[in-house]
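Let the hints inform the model, and build the full structure from the sequences given.
When we follow our numbering, the leftmost residue of the sequence shown carries the number 156, and every step to the right adds one.
Check each hint, because a few of them may be wrong.
When the alpha-carbon atoms are kept at most 16 Å apart in a straight line, the in silico EDC-like pairs for lysine to aspartate or glutamate are as follows [as the list claims (entries may be wrong)]:
# : residue 1 : residue 2
1 : 170       : 323
2 : 170       : 205
3 : 170       : 202
4 : 350       : 323
5 : 350       : 369
6 : 350       : 394
7 : 350       : 396
Simulated from the structure, these hints should not be mistaken for laboratory data. All figures in this text were calculated on a predicted structure; none of them were measured in a lab.
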Amino acid sequence: GAGWIGAEVATAARKAGCSVTVIEAGPAPLANAVGPEIGARTRHWYDGIDLRLNTMVDEVDEGGVRLVGGEFVQAHVVVTGIGVRPAVEWLAGSDIDLHNGVVTDEHLRTSMPNVVAAGDCAAWWSRRYGVRLRVEHWDTALGSPEVAAATLLGEEAVYDPAPYFWSEQFGHMVQYIGHHPSGDRLLYRGEPEGKWSAVWLTSGDTLAAVLAVDRPRDYVQGRRIIEGGHRLDTERLVDPEVPLRDCVV
Numbered sequence: 156g157a158g159w160i161g162a163e164v165a166t167a168a169r170k171a172g173c174s175v176t177v178i179e180a181g182p183a184p185l186a187n188a189v190g191p192e193i194g195a196r197t198r199h200w201y202d203g204i205d206l207r208l209n210t211m212v213d214e215v216d217e218g219g220v221r222l223v224g225g226e227f228v229q230a231h232v233v234v235t236g237i238g239v240r241p242a243v244e245w246l247a248g249s250d251i252d253l254h255n256g257v258v259t260d261e262h263l264r265t266s267m268p269n270v271v272a273a274g275d276c277a278a279w280w281s282r283r284y285g286v287r288l289r290v291e292h293w294d295t296a297l298g299s300p301e302v303a304a305a306t307l308l309g310e311e312a313v314y315d316p317a318p319y320f321w322s323e324q325f326g327h328m329v330q331y332i333g334h335h336p337s338g339d340r341l342l343y344r345g346e347p348e349g350k351w352s353a354v355w356l357t358s359g360d361t362l363a364a365v366l367a368v369d370r371p372r373d374y375v376q377g378r379r380i381i382e383g384g385h386r387l388d389t390e391r392l393v394d395p396e397v398p399l400r401d402c403v404v
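Right, here's the structure in full:
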């Protein structure tokens, strides 16, 4: 896979002097995470790596992997980074609603009275984005238990963070904050050959998400703008020389 884990493993392996092959079923790196258009901007990062896109693995066998179509790719080490599924099968048949994890409201309450869910398994309702989210990140395990405990104590605590993560790939720092599927438009700050950011806007020109490549200020300022729900001036937004905070209307 050429998602976050696959890219990070490939980075470390190439740095260690290994011959690296990355096999990705999608049309571009990170296509499943942030879409093929943005993923295509990272394709040139794989210089010196055998990157195989639109390619699927049939099976992992002794000495490597066999691709769909029959080709065998030799490998001393095979890393499978293709995502995970929440282990909630043991709750099947209970009174707890399950859908891509354990379904909860914004207070992390499940469909069973006096039962809450927290961590990677919880698919909570986000007031901020008006959708159900389930985020696989250590911060979810760190932040959600406090809200879950408050809910059990009868308080009205709400769990509604703007999801974030970061990744170091091929000498680039990639930082993300928000939920880009809630955006209607995608704009760029900077060119793919240098430092750049991708910005998703809602129909009301508020910020849905930011992906910053070697532009940490866009990430930090984007977080504050998302949390504040501010509208942005799109003409100033596409100028990478204008700080993101100065694009607030």
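#### Entry: Hint numbers not upheld by this structure, sorted from lowest to highest
none
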